[in-house]
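Asker: From just these sequences and the hints, can you work out the full model?
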Amino acid sequence: KRYFQQIHPEYPLPEHNIMTDKELKELVASLIISHKEAKIEMEELCAFQQETNRELREGAKELRASQQETDRQIKELGRQIGGLGRKFGGLTEGMAYPSMKKLLREHFRMEFIVPRVEITRHGQSMELDVFGYSNGSTNEAVVVEVKSRLDKTGIEQMERIMARFDQFLPEHRDKRRFGIVAAVDCSPEMEALTRQRGFYLARIQDELFVLDSPESFQPRYFGNIEAVLPANPSGISASGA
1 KRYFQQIHPE YPLPEHNIMT DKELKELVAS LIISHKEAKI EMEELCAFQQ ETNRELREGA
61 KELRASQQET DRQIKELGRQ IGGLGRKFGG LTEGMAYPSM KKLLREHFRM EFIVPRVEIT
121 RHGQSMELDV FGYSNGSTNE AVVVEVKSRL DKTGIEQMER IMARFDQFLP EHRDKRRFGI
181 VAAVDCSPEM EALTRQRGFY LARIQDELFV LDSPESFQPR YFGNIEAVLP ANPSGISASG
241 A
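Here the sequence shown is numbered in full-length UniProt numbering, starting from 1 and rising by one per residue.
FYI, nobody ran anything at the bench for these hints, they're computed from the structure.
Restricting the straight-line Cα-Cα distance to at most 35 angstroms, the calculated cross-link-like pairs of lysine-lysine (DSBU-like) are:
1) K22 x K36
2) K175 x K101
3) K39 x K22
4) K75 x K152
Here are the in silico distance ranges between beta carbons for each label pair:
5) E106 x F217: 17 to 23 angstroms
6) L31 x R54: 31 to 37 angstroms
7) R149 x F112: 26 to 32 angstroms
8) Q67 x E44: 30 to 36 angstroms
9) V114 x Q67: 45 to 51 angstroms
10) D71 x F217: 46 to 52 angstroms
11) E189 x K75: 33 to 39 angstroms
12) S137 x K75: 52 to 58 angstroms
In this text, a Cβ means the ideal position worked out from N, Cα and C, and glycines have one as well.
Answerer: Structural data, given as structure tokens:
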């Protein structure tokens, strides 16, 4: 009796030690009902857990699909932005070339002017937006870098091109070289930095590129230097490529 009460305290036993058949049957029936109810609750709990697991799996699957779609959209957006940048850059270069060709021929007496020069040597490559040169007494070469919006990176790119000139164009190593940065959008800071680094600056005026450098400006020459170099208060001196 004491053992039974310890296991099932919810089922009170009669005070006397001997159970009648009726009491025993009622107790057994109560235990059966309790067991069935516990079994039903357990089955419901298992079913609920299975449904929860299924929903979690479906949610994770949908999340992965959503992330994949987001990644795809980001890649597509990047591709479109890159394409737009290439189109705009190409448009800028195309717009620059006719006026730049006229400028190089008339102002700098360039005999040969070529747009979009791509050079590959020893597995390395270099691109020039516009390249011009003259032989004979002039014996000069000019590199034009065209930018829709000029920043410090664009100016540093021009410096790298001039530094690698002999490596990619050894047939012109005997020429004196200089650079022109042509920009559609250029802040006063970038304008000053371009001139400080010794490059000509060309700007858009009436849909044409024209030189925007003061008459006192003297460019930085590279290579075969036989000209008067700029008296540069910033300390920049001419250097050979």
